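> These protein sequences, in sequence, are chains G and R.
The first sequence begins at 273 in our numbering and counts up by one.
The second sequence begins at 273 in our numbering and counts up by one.
It should be emphasised that the hints constitute simulated quantities derived from the structure, not laboratory data.
All of these numbers come straight from a predicted model, not from anything done at the bench.
Each hint should be verified, as a subset may be incorrect.
Given that identical chains are not distinguished, each listed pair holds provided it fits within a single copy or across any two copies.
Straight line, CA to CA, 30 Å or less: simulated DSS-like cross-link-like pairs of lysine-lysine [claimed, not checked]:
no.: 1; residue 1: LYS410; residue 2: LYS442
no.: 2; residue 1: LYS684; residue 2: LYS329
no.: 3; residue 1: LYS329; residue 2: LYS515
no.: 4; residue 1: LYS477; residue 2: LYS442
no.: 5; residue 1: LYS708; residue 2: LYS624
no.: 6; residue 1: LYS708; residue 2: LYS329
no.: 7; residue 1: LYS477; residue 2: LYS708
no.: 8; residue 1: LYS639; residue 2: LYS372
no.: 9; residue 1: LYS515; residue 2: LYS708
no.: 10; residue 1: LYS372; residue 2: LYS324
no.: 11; residue 1: LYS372; residue 2: LYS274
no.: 12; residue 1: LYS410; residue 2: LYS324
no.: 13; residue 1: LYS708; residue 2: LYS410
no.: 14; residue 1: LYS372; residue 2: LYS442
no.: 15; residue 1: LYS442; residue 2: LYS565
no.: 16; residue 1: LYS451; residue 2: LYS708
There are 2 protein chains.
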Amino acid sequence: MKHVDTVIHADWIITADLNNTVHQAHSVAIDAGTIQAILPAEQMSQHYRGRKEHDLKGHAVMPGLINGHTHVPMNLFRGFADDLPLMTWLQDHIWPAEAKWVSAEFVEVGSRLAFAEMIRGGVTTCNDMYFFPEVTAKVANDIGFRAGVGMTIIDFPSSWAENIDMYFEKGMALHEAFKESPLIHVTLAPHAPYTVSETPLLRVKELSETLQLPINIHLQETAAEVDDFLDLHSVRPLQHLNKLGLLTPSLIAIHMTQLTDGEIELLAENDVSIIHCPESNLKLASGFCPVHKLLQQNINVGLGTDGAASNNDLDMFGEMRTAALLSKGLVGDPASLPAETTLRMATINNAKAMGIDAITGSLETGKAADLISIDLHSIETLPLYDPVAQIVYSVGRDRVTNVWVAGQMLLKDRQLTTLSETDLCEAVTMWQSRIKS
Amino acid sequence: MKHVDTVIHADWIITADLNNTVHQAHSVAIDAGTIQAILPAEQMSQHYRGRKEHDLKGHAVMPGLINGHTHVPMNLFRGFADDLPLMTWLQDHIWPAEAKWVSAEFVEVGSRLAFAEMIRGGVTTCNDMYFFPEVTAKVANDIGFRAGVGMTIIDFPSSWAENIDMYFEKGMALHEAFKESPLIHVTLAPHAPYTVSETPLLRVKELSETLQLPINIHLQETAAEVDDFLDLHSVRPLQHLNKLGLLTPSLIAIHMTQLTDGEIELLAENDVSIIHCPESNLKLASGFCPVHKLLQQNINVGLGTDGAASNNDLDMFGEMRTAALLSKGLVGDPASLPAETTLRMATINNAKAMGIDAITGSLETGKAADLISIDLHSIETLPLYDPVAQIVYSVGRDRVTNVWVAGQMLLKDRQLTTLSETDLCEAVTMWQSRIKS
């Protein structure tokens, strides 16, 4: 009999492993933050005993969801400006508000709010990019949340950095501070080809190679972006990155609503990962990422919410549902983007994009214990014929009961364990009053 | 001082009246099932006292959502067959399952499940069509839910009726039984032009005129339906109904994903109402209802989930969100279908379609007290800049705390008052086992 930290018994264990294995009446043993074994419940009780045991009848246990693209501090701008044309939204509302309000304190409260929202919604990891990333990284680390945190690079000054050298300097300090952290995965995050010029992009490339870091970049998000870039540079943004040698397996291209068939081939040849953000793309009327074609070319496609200012939530259950439904509608085929594939996009595909698929993204022995439990015995989720389809098409994030990151329980019976909900709501309400005034 | 049944105080009262009035720090007085007054909180406490008073800090109160198109008994087929081409889904799964399982008992349990789900999700009224409608009507009436219940008419025999005469006979009995009911609104529900021939359609028209009943019909749901109809009848389904004189303000045309500009004019001229079912249309890849164009022509457009077999929930918050996001994406304009309009589609527009807008669909003195409260003070719904946008873009149905229909509280602090959740889950699980086997 082996004694371990935690044993979880559940009616279904959805692994998101290579075969999309779904075990019935199995158990997961966790020790020192790592998955030790996944066994039939009877075998488990013969071989493992948990110092904590969770008997989750009617529950499914699955890998924690990964939010492939976020700007977590922007949670404080949730619902700040809706139903506006993109440029009005950005130029008249979001950018002035950012210029006025974004500070270390803003980022600290916004990050807490976003992590709290994501934990309550079954998300265990996000892939973030924003100003003051060292604050976001510290908050994530303190509360036990796994986060990719981007070294933001942009040509323009901000309250965080005055010039391009400062962005790199502060970014490198972020990397230094967290390079040994098991929870914080620093990435390079040049904002977009239209906001980061050639020299810094080449430096990003070099740093990515030297430090083995992934590169997050907003890419071909709107038709206007592509047209404007073409006018200025006589080349589309993706081709520009190609010329600079940035199309590699380290590249995480976010949005990609504007893609020619030739560009899709180019992405496939260079093993670039794409993050699809369907709700943000819909809300800002940015266009449609051709997920179906990308998957047909075996391109790794993950899924993200984008920031709460353009979504307006960080709900990955909702995002899976929207992704699956939208693809069916656009392709004209109800078999396009089935539930199983959608679940992979929100878990292992995102981990692969971030270069952390050896650590997280699926439930397999030896991986970090990043997992969640979902109560499927409810008015909203009965009857139950297929747990994976139910999770994608019927489950609301309020059905998430428990969340573990690296074996630590961050949500227990729907209560946050490392954050005070009351204090957080109070801090957010204070920021709301300030911003509203 | 006037004594009334109930007084509700809330931070926001969203009325969905003609001016889309949103009151702050107001109260609603309810007596004998009817809204008596909406006043500033201070004035209310000077003039009205409730035998029950609800002080809902941080809450919004709004009209109960109306689900404009349902097949409630099909809740027992939730997730029964997903990710399949439409005809495989219908012919190999849904129709055989219906032939095998649909009975009065099936309809009774499925209806209970659907009403429970809708009440917990802030829906106070639905507009249903299915077999054994007298069973659905009785369940709704017993639990205090407001329902449009369709006299289903279809050329083919079913477990409910052997032939077309029987459909009319049973339908008329339904109408007789519930014509005095304040909660049950019987409608005519010929299934679709391709499943109901000319003679019964003309009889439906006559009954609609004589009895002043609305007519629900699935119409131009898919391109294939239109093409097949054209092949057989040399006319599109909508034109067919026009020739029969069915295009009147009593007509509720459901789906309408295939529409020419000329047809939109025809709908506008005849004051036909449309029910948009975006999630079902996406999931079955049926096409896109041109909501933006319809609204531009001042056509009354409501919103519905369709049955749980093709959605897979009866979540009207999710449906509002999908409708708003999808329209922006398709039209290419983030200002298309703003939150305020979307909320009207899910409330007063549906009431108007059903011909019950004098009774429900907005919070106005003299109307039935069909209303819900939503707790907006939460991690998921802060900060709060605009309650209407928050409700459409960020609120999950789990934030609904209380639900009243005609003044009766059907949900109290998220607990159902007229249905037992435990008994219901048990009954549904039994049906699940049967259907699965």
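> Each hint: holds or not?
Tested hints:
1. LYS410 / LYS442: within (14 Å within a copy, 67 Å between copies)
2. LYS684 / LYS329: both (15 Å within a copy, 26 Å between copies)
3. LYS329 / LYS515: neither (55 Å within a copy, 58 Å between copies)
4. LYS477 / LYS442: So LYS477 and LYS442 pass the 30 Å test inside one copy only (17 Å; across, 73 Å).
5. LYS708 / LYS624: neither (40 Å within a copy, 36 Å between copies)
6. LYS708 / LYS329: So LYS708 and LYS329 pass the 30 Å test across copies only (19 Å; inside, 45 Å).
7. LYS477 / LYS708: Neither way: LYS477 and LYS708 sit 40 Å apart in one copy and 54 Å across, limit 30 Å.
8. LYS639 / LYS372: Answer is neither; intra-copy 42 Å and inter-copy 46 Å both fail.
9. LYS515 / LYS708: Result: close neither inside a copy nor across copies, 45 Å intra and 56 Å inter.
10. LYS372 / LYS324: Classified as neither: same-chain Cα gap 47 Å, cross-chain 46 Å, threshold 30 Å.
11. LYS372 / LYS274: neither (56 Å within a copy, 50 Å between copies)
12. LYS410 / LYS324: Classified as within: same-chain Cα gap 28 Å, cross-chain 48 Å, threshold 30 Å.
13. LYS708 / LYS410: within (27 Å within a copy, 49 Å between copies)
14. LYS372 / LYS442: This pair counts as within: shortest intra-copy Cα distance 21 Å, inter-copy 67 Å.
15. LYS442 / LYS565: neither (38 Å within a copy, 50 Å between copies)
16. LYS451 / LYS708: Classified as neither; 38 Å inside a copy, 51 Å across copies.
The structure does not agree with the numbered hints 3, 5, 7, 8, 9, 10, 11, 15, 16 stated previously, though it agrees with the rest.
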